[in-house]
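Asker: Take a look at the letters that make up each chain.
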Amino acid sequence: MSSSEIVTCVNGPLLVRGDFELVDSNGETIDCRRRTVALCRCGSSNIKPFCDGTHKLMGFRTEPIDDETPGEN
Amino acid sequence: MPSKFKPYRGSRRGFYCGEEVNRKGFTMRYAEPPFRARGPVSEQLLAALRAPASDADETLAGFSENLANALGSVHDILRDDDLQVSLLVLHGLHYGSVVDADEEWEWHPVTVAARVAIEREFERQLRAVVPPTPLPQPEAEAVASALFELTKPTPGPSLARFIAKRANADHVREYLVLRSVYTLKEADAQTWTIPRLNGRAKAALVEIQTDEYGGGREERMHSSIFAKAMRELGLDDTYAAYLDSVPALIIASFNMMSMFGLNRRLRGASAGHYAAYEMTSSLPNRMIGDGIRRLGYGEAVSDYFDEHVEADAVHEQIAGRDLAGGLAEQEPDLVADIIFGANASVCIDGWGAEEALAAWIAERSALRQPITSDEFPYPADVVEMEGAK
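Those protein sequence lines, which keep their order, are chains A and B. Just so we're aligned: the first sequence equals residues 1 to 73 in the numbering used here. Just so we're aligned: the second sequence equals residues 1001 to 1389 in the numbering used here.
Possibly wrong hints are sitting among the right ones.
Quick list of in silico lysine-lysine cross-link-like pairs, DSS-like style, CA-CA up to 25 angstroms [unchecked claim]: (1) Lys-1152(B) with Lys-48(A); (2) Lys-1165(B) with Lys-1228(B); (3) Lys-1152(B) with Lys-1165(B); (4) Lys-1165(B) with Lys-48(A).
Some but not every residue of chain A turned toward chain B, in silico, with C-beta under 10 angstroms [said to hold, decoys possible]: (5) Val-23; (6) Asn-26; (7) Arg-34.
Read the hints as simulated data drawn from the structure, not as lab findings. Virtual Cβ for every residue (Gly too), placed ideally from N, Cα, C.
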């Protein structure tokens, strides 16, 4: 097992735990303040790069919706 | 913005530390609690706890019968002041820091029997009033999905929206007083569930609790951050200092968590309750943080709420999928209790919030009785907006 893992939460954020360093695009360390973090992947968080639960207000989906396939009647 | 007012550290109202003799002649060796009894059961209990447990035959004479009578006639135990205060005190013997009492009381046969008797009726009525919902398959993702569905954000008025948009400083103080019954002991009720779990579910709960307890830093413990917010608003952070102001239903919400945590049989309900609690936290706490900033308070007050926006967005994922979902996979028979615990959280906390909101909209206090402190730090801009207060 690797020393860190990223969990792709269904309809939610990316959960990162283990040994990792979060850095911005300049390579500067971002203070995580907790051992396990949730990273926004809906794009709507107000505390990016972290998740703040806003995906629940946006109807964010990570999985295709079976019964709404485009082009089918 | 640093508060320019010195926080008021309330005196420990009501605490009396010397020995005295009550009217029946018992030596009252333990301090009077900072709150009052609300009926005959809590009155006899609180009086007995001021004397040593070895006096129980005299101090608790007739107690079991009185309690049985009260339990036999209570129609709405969730809103019963006497029984909810009694249960808080009985659970408090296990927690500590609720009443000053002989430590022998924690496992005294009479207090344990009383605790279990109140809990049984409390649980029976909870199961009767909490609406059932369809049960998911005992698979982690299905359980997480069902929990997210039953806790999904709803539009319309809410206590958090009121605080974001309309609350004044007094509303915020009332809100902290209502929250303090649980939050000054934040996460402790759920910690009791840890040894009742195994494997994935246990690892998940420990991961959440590590964060709740500050990851090894006392000042980042959520209960410590909350206590700091109370002090910044001039409130006494002594546990139960304002209990007399808190309605029974809010006390019931905390007693429910303690009951789920203390009874191994209810570990499913504890896991489901915690998942739902975490899932209904991030978005409301953001609104409350916004309201606090709108009023001009600084980070020392908003820190608790801001912390929960980020922390609970992590916790809700772990609690839904690994704690509740993991437990469901290990013990499929617990799925019904997981969903019951989640529904109980949404239902009881929802009612508590609705009642507080209704009071505020009607321009009443949400508290049973006003809180007293002789100095209160209004932020400068609130004083300007509202005039002399």
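Asker: Decide, hint by hint, whether the structure agrees.
Answerer: For each hint, the structure was consulted:
Proximity of Lys-1152(B) to Lys-48(A) is assessed by CA-CA distance (about 22 angstroms); at most 25 angstroms being required, the pair is judged to hold. Using a Cα cut-off of 25 angstroms, the hinted pair Lys-1165(B) and Lys-1228(B) holds, with the two alpha carbons roughly 24 angstroms apart. Straight-line distance between C-alpha atoms of Lys-1152(B) and Lys-1165(B) comes to about 21 angstroms, which keeps the hinted pair within the 25 angstroms bound. With a CA separation close to 24 angstroms, the supplied pair Lys-1165(B) and Lys-48(A) stays within the 25 angstroms bound.
For the restraint placing Val-23(A) at the interface with chain B, the shortest Cβ-Cβ distance is roughly 18 angstroms, beyond the 10 angstroms limit, so the hint is violated. Annotation: Asn-26(A) was flagged as interfacial toward chain B, and the flag is violated, the nearest CB pair being 22 angstroms apart, outside 10 angstroms. A least Cβ separation of about 5 angstroms between Arg-34(A) and chain B falls short of the 10 angstroms threshold, and the interface hint therefore holds.
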